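**Q** Below are the chains, spelled out letter by letter.
Number of protein chains: 2
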Amino acid sequence: MTHAVIMAGGKGTRLWPQSRGNMPKQLWNILDGISLLQDTVERISPIVSPEHTWIFTLGAIYERICAQLPQLPQKNIIVEPVGRSTAPCVGLAALYIDDPDACMVILPSDHIIRRREEFLRSLRAALAMASEGEHLVTFGIQPTNPETGFGYIQRGQQIREDVYAVQQFTEKPDSETAKRFVASDEYYWNSGMFIWKVSTLMTMIERYLPDLHQGLQTIKAAIGTTDEQKVIAEVFEGLASVSIDYGIMEKAEATFVVPVDFGWNDVGSWAALPDVWETDHAGNSNKGNVITLDSQGNIVYNDTGLTALIGVNNMVVVKVGDTVLVCDKEQAQRVREVVDELNRRGMQEYL
Amino acid sequence: MTHAVIMAGGKGTRLWPQSRGNMPKQLWNILDGISLLQDTVERISPIVSPEHTWIFTLGAIYERICAQLPQLPQKNIIVEPVGRSTAPCVGLAALYIDDPDACMVILPSDHIIRRREEFLRSLRAALAMASEGEHLVTFGIQPTNPETGFGYIQRGQQIREDVYAVQQFTEKPDSETAKRFVASDEYYWNSGMFIWKVSTLMTMIERYLPDLHQGLQTIKAAIGTTDEQKVIAEVFEGLASVSIDYGIMEKAEATFVVPVDFGWNDVGSWAALPDVWETDHAGNSNKGNVITLDSQGNIVYNDTGLTALIGVNNMVVVKVGDTVLVCDKEQAQRVREVVDELNRRGMQEYL
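Protein chains in written order, with numbering that gives the first Met the number 0: chain F, 0 to 350; chain E, 0 to 350.
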């Protein structure tokens with residue numbers, strides 16, 4: 000039996016001002032009428048039934064998620080009481096799945112995968128590997144540029160046609176290291192997708208994250224009782240934030256990578272949008288009502304109204320509500336600095 | 000007796016999207032709580048009483064003008080049935096003033112003049128010259144750069160301390176000619192302000208604009224009758240658009256220029272705003288809620304909400320309602336091309 004655990008608690012800060020607290024990136028209809036979350040659920044539906052599809056998120060967007068995914072049982076949409084990164088989230092998911100032999104597919108909710116058939120093919124290979132033992136399996140994306148914002152996976156020995164042992168995980172490398180990685184053909188981007196059996200995960204948590212293990216035991220005893228939500232809240236409050244990568248993958252032995260080529264895009268900043276939207280003859284990716292004069296290479300979005308550009312090149316120009324962002328395309332990662340500044344100034348109405 | 004005729008029918012197209020059909024430039028509170036129109040009326044108030052201050056405009060903004068100028072008799076706010084440029088407007092004004100010996104001061108409603116005392120001093124000199132004979136008097140602004148968007152006035156013989164005969168008017172010159180004008184010290188910008196007696200204007204209209212003269216005779220006969228508005232509408236409908244400059248000043252003999260230095264700014268485009276608003280240490284002129292990161296030399300305005308810039312230089316960034324303009328500061332004159340395009344596309348909601 001295969002379960003999907005879709006992590007939908009992210010904020011998508013770098014897509015501000017479209018992505019905000021109550022309307023984060025994964026809920027935005029970036030794909031012409033369908034959100035990244037909906038796309039993620041649809042993508043796995045040939046392999047995972049709605050009853051086995053679980054969404055983990057935070058409270059502010061619970062209602063919107065339910066509205067976007069009417070096909071899921073409402074009990075499968077779980078609100079984490081407080082965000083504690085990905086390891087506690089998948090640990091909690093394992094408790095709800097409550098089947099040691101089931102396979103779990105851990106998926107971000109805010110990535111694009113263009114080639115669904117290819118994705119399913121890779122997923123089947125990963126599931127086969129995961130189900131055959133105490134194996135931790137991840138996907139490896141062929142890097143196209145020396146991105147410093149991603150983790151990298153170095154492959155080791157080939158295990159079978161589609162699977163390699165992992166030699167080493169490297170968190171966000173510096174620019175020189177990233178260049179070296181991309182120049183070699185041994186490195187992949189870490190996509191944040193993981194495949195393993197519930198029992199494998201529980202063993203690894205017990206081995207590498209004993210505090211989390213203990214917390215999960217406490218929660219397990221309370222599940223089904225009237226205290227369930229209260230206990231989960233108390234336990235999560237006391238947990239440290241720890242990611243799957245740092246807490247488990249980088250420490251475990253039996254880690255494997257399935258190299259994939261399914262048109263992945265993490266939509267990590269506005270600069271990624273030309274790969275999602277169409278680009279016109281002047282190199283502008285426009286979404287909304289846009290007029291351009293002598294303007295090239297821009298990414299323009301508005302939710303309503305009209306945007307006019309005159310003599311503007313290689314800029315991100317976004318209007319959402321009454322908030323405007325104009326940003327050099329090369330500096331699109333710095334959008335989070337604006338969000339930080341808004342937090343500092345207490346300007347919650349724009350967050 | 001001195002009357003002021005303030006022409007408030009302009010559209011201020013180059014300040015789109017702030018300046019629109021129902022909220023043109025002259026009504027915008029560009030000066031922290033006071034509009035250019037209100038500033039114009041206040042400026043002349045030491046010389047011209049409210050009863051002698053006349054506003055000529057078009058129908059769409061009549062109510063707003065009345066609301067901005069409660070001190071004026073409502074009968075002094077005149078709606079032209081259709082815009083026919085400035086010569087028919089001042090001809091009609093002369094009929095309403097109905098006093099051949101009165102002096103008329105013709106003023107645009109959408110310019111800034113910083114030094115009011117200096118303006119009044121220049122105006123008194125111009126009024127003295129105008130009242131002494133059949134003299135057409137205008138102000139000459141010392142040019143600061145080879146602007147091709149203005150008309151130029153070449154001074155001739157000095158008449159008295161503050162007054163020169165006009166040697167020649169030159170409509171918008173090409174760039175080379177403008178440079179030559181600015182390099183010489185004989186040329187002034189034509190500010191579009193004129194001073195003359197009512198009788199002088201009527202004589203000039205009869206001499207140089209016989210069609211307008213005849214139309215005004217027809218209107219004069221109807222003023223005070225129940226047909227007044229109908230006749231004005233019919234006559235204006237049949238008149239050609241003709242400016243004071245082209246129709247009268249360039250043809251007349253007895254034209255005079257008073258060189259002035261009273262901090263004039265026609266706010267001709269967004270690029271003029273740094274002279275109106277304050278500029279911060281990074282050279283940004285911001286009005287509204289603005290956050291900038293590594294951004295210099297911009298002009299940023301929003302009516303509501305927030306504008307964030309990252310790595311943006313020398314741009315105009317304007318948000319009004321749900322309309323956004325981003326424009327290279329050097330190309331600020333081209334805003335009218337966007338307005339033209341909106342007209343072509345029939346997108347009235349943005350005009």
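Simulated from the structure, these hints should not be mistaken for laboratory data. Computed from a predicted structure; not experimentally measured. Just to be clear, a hint being listed does not mean it is correct.
[Unchecked claim] Incomplete in silico selection of chain E near chain F, CB under 7 Å:
(1) Ala127
(2) Val275
(3) Glu277
(4) Val289
(5) Leu292
(6) Gly296
(7) Leu308
(8) Val311
(9) Asn313
(10) Cys326
(11) Gln330
(12) Arg333
Every residue, glycine too, gets a C-beta built ideally from N, C-alpha and C.
**Q** With 7 Å as the cut and Cβ atoms as the points, is Gln330(E) at the interface with chain F?
**A** Holds, because the Cβ-Cβ distance from Gln330(E) to chain F comes to roughly 4 Å (cut-off 7 Å).
**Q** Would the stated hint for Cys326(E) survive a check requiring a Cβ distance to chain F of less than 7 Å?
**A** With a closest approach of 4 Å, the Cys326(E) hint holds.
**Q** With chain F as the partner, please determine if Val275(E) meets the hint condition of a C-beta pair closer than 7 Å.
**A** violated, 21 Å
**Q** Against chain F, is Val289(E) within 7 Å by beta-carbon distance?
**A** Violated. Min distance 9 Å.
**Q** Should the hint that Glu277(E) touches chain F count as held when the rule is a Cβ pair under 7 Å?
**A** violated, 20 Å
**Q** Is the interface hint for Leu292(E) satisfied, with its Cβ closer than 7 Å to some Cβ of chain F?
**A** It holds, given that the least Cβ distance between Leu292(E) and chain F is near 6 Å, below 7 Å.
**Q** With a cut-off of 7 Å, does the beta carbon of Arg333(E) approach a beta carbon of chain F closely enough for the hint to hold?
**A** Status holds, d = 5 Å.
**Q** Under 7 Å is the threshold here; is the Cβ of Leu308(E) close enough to any Cβ of chain F for the hint to stand?
**A** holds, 5 Å
**Q** Have a go at the Ala127(E) hint: is there a Cβ in chain F nearer than 7 Å to its own Cβ?
**A** violated, 46 Å
**Q** Can you verify the interface hint for Val311(E): is its Cβ closer than 7 Å to any Cβ in chain F?
**A** The hint holds - Val311(E) has a Cβ within 7 Å of chain F, the shortest such distance being about 5 Å.
**Q** Using Cβ atoms only, decide whether Gly296(E) comes closer than 7 Å to chain F, and label the hint accordingly.
**A** violated, 13 Å
**Q** Could you check if Asn313(E) really has its C-beta closer than 7 Å to a C-beta on chain F?
**A** Check failed: Cβ of Asn313(E) comes no nearer than 10 Å to chain F, outside 7 Å.
Consistency with the previously given hints fails for numbers 1, 2, 3, 4, 6, 9, ordered from lowest to highest.
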